[in-house]
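First to last, the sequence lines map onto chains W, C and D.
For the first sequence, position 8 matches number 7 in numbering that gives the first Met the number 0, and the numbering has no gaps at all.
For the second sequence, position 85 matches number 84 in numbering that gives the first Met the number 0, and the numbering has no gaps at all.
For the third sequence, position 24 matches number 23 in numbering that gives the first Met the number 0, and the numbering has no gaps at all.
It should be emphasised that the hints constitute simulated quantities derived from the structure, not laboratory data.
Note that the structure is predicted; figures quoted are calculated from it, not measured.
Note that CB positions come from ideal geometry on N, CA and C, so glycine has one too.
Just so you know, not all the hints are guaranteed correct.
If you want the footprint, here are the derived chain W segments under chain D, 3+ residues with CB under 8 Å [what the hints assert, rightly or not]: (1) 28-36; (2) 92-103; (3) 108-121; (4) 125-131; (5) 134-141.
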Amino acid sequence: MVEVESENSVAERLAAEALIVDVDGYEGPLDLLLTLSRTQKVDLRKISVLQLAEQYLSFIEQAKSLRIELAADYLVMAAWLAFLKSRLLLPPDPTEDGPSGEELAAHLAFQLERLQAMREASAQLMGRNQLGRDFFARGIPEGVERVRKVTYSATLLDLMQGYARIRTKDEFRPFVMDRDAVLTMEQALERMRGLIGFAGDWTDLSSYLPEGWETDPQKRRSATAATFAATLELAKVGLIDIRQGDTFSPIHIRKKTNDRG
Amino acid sequence: MTEVEESLFEAPPMGEQERMVEAILFATAEPVTVKELQGRMPHGCDAAEALVHLRKRYEGRGVNVVRVGDAWAMRTAGDLGFLMQKETVETRKLSRAAVETLAIIAYHQPVTRAEIEEIRGVAVSRGTVDLLIELEWIRFGRRRMTPGRPVTFVVTQMFLDHFGLETARDLPGLKELRAAGLLENRPPPGEMPGLGEGDEEDEATEGQSELFED
Amino acid sequence: MTEVEESLFEAPPMGEQERMVEAILFATAEPVTVKELQGRMPHGCDAAEALVHLRKRYEGRGVNVVRVGDAWAMRTAGDLGFLMQKETVETRKLSRAAVETLAIIAYHQPVTRAEIEEIRGVAVSRGTVDLLIELEWIRFGRRRMTPGRPVTFVVTQMFLDHFGLETARDLPGLKELRAAGLLENRPPPGEMPGLGEGDEEDEATEGQSELFED
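Sequences are here, hints too, so could you generate the full structure?
Take a look at the structure:
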């Protein structure tokens, strides 16, 4: 294909060295390859991939000798290009599977050409007239006034039902009953006042919970709290005694024996 | 003097100058004075003359060149203002409080706010009344000749039209409502309303609402 | 059916319709779709036809009627930018990576991140994509129906507007690139170095073809 180790001119070597200096300036091996390919001064479609592989490998060699840290992907590319080079130089081995050296080289050339094309396209794109720089939109946009019109819907049926609801409200159960899972302190107090007369001995507070309130957890909690609050109230006014053996142990109450105690 | 100076430069043809003024007026965020136009256009241009041409060109168009103080701007023609509005119509269901208030006014008109509150059992919010007035379904009636001379509310013709009534007297009475099955929906005894279905302002009647809705 | 319906309304004369489109486009900084124009104009109007007339009227003027994707806008003529230094908005200079990524998306859309990386030979940084999305020049397209269902990127109406393109088909040099086969996504023969994760581009080639072929 091409004479190996061709007479790289001094200028080319110098150019290669200059490249090495700003290796960080390349966006990866493909970018570097594209830059190297330009030294061939030919149409990208006629580029010698073999020569390019040489250029790249010598670049890597030089970078190594200059002890420049190269990212792993540069080295991967170097290894692959070395492989490609051998494929291109050696006569094809019929026993070997996979793509031929030519196919691989063609694809690399395609990649380079495509990258170059995209570079040119992006330059063309950015070279276009741009909004806000070369051409302009309306400076005083009047905008669209969004008029939100809300219409309310109500039917005669709504109206009548609403009225019926109000007028027949009294026929329904009292509102307080709505909160059926809540025992108010007033209710508990009332109940306790009636019961306390019979509590001569220490009795567990929990046994004072109203009937039907002991099982449902929500009701039980409310009833316990209300009943407890009621007993505190009763104790405060001197009607009962309270005792608790230990933290969290059951609370007991009994009727205060008054002056006798 | 200036004439000599100007002649040194080839001023663009008037058609071009007109284009320039057009572009500047279009793109600038505020009205532009002739002086500023002149300053922005190439040497030798006559902004004032270009403006005259441009103004004529836009006469009767959808956009006009107008004078704003001592500056110039382009504005959409006054008769096309309606295009600059985008109406979105949103239909909302009238709140229960509003429906009930409206119903009370319809059945009891003329009725004072205090009376409405007494019937509903909760305070009537200002917003509810305002909304109904805004919808033109209720209006103020005569003041009641009682202490404090409170205003009364009555329903409007708009209300009657909307609900397809000849007069407010055509509204069915309680008995008829019941006969029509509207009151038959008694609450099942055990059913209790849940928590947290907060209705606008009236918690007092909460719980009964579902009873009527099917 | 619709014809009968429409005839019930007297559509304004075409001259009036043209004025309306003129006013709407003039007043709005963003491109407006025909559908939206139609929606804002009175019943029976033909916004598309009015647009044709209007566009002709503004040909060669300081302000032009331009098409942006499936919408329309008014923009100052490109040759008058020099008058507008005052209006120029300083734009952030895009990095080469961002510009190239943008171009790749525009020319190859819809395109996956892996494909962009395959073309550029380096990973696409998150920041680059984020920036382009933030500028509203690109957006997510449909997911590719290949293993992993990768998202694709496409350019936006804003992109077309910014670069003065009527459609993505009008990208400079697009035809030539396509003719040269440079917009094909050729799978690499066997193992190729570079980005390991390029394995999802299997039959990812439908790509721009469906978008650009007409």
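Do the hints match the structure? See the list:
1. Counting residues of the segment 28-36 of chain W whose CB falls under 8 Å from any CB of chain D gives 3; the rule of at least 3 is met.
2. Residues of the segment 92-103 of chain W with a Cβ under 8 Å from some Cβ of chain D number 4, which satisfies the need for three, so the listed coverage holds.
3. Residues of the segment 108-121 of chain W lying with their CB closer than 8 Å to a CB of chain D number 11, which satisfies the three-residue condition for coverage.
4. Restraint check on the segment 125-131 of chain W versus chain D: 6 residues with Cβ-Cβ distances below 8 Å, three needed, restraint holds.
5. Counting residues of the segment 134-141 of chain W whose CB lies closer than 8 Å to any CB of chain D gives 7, so the stated coverage by that chain holds, three being the minimum.
Hint check: no violations occur; every hint is consistent with the structure.
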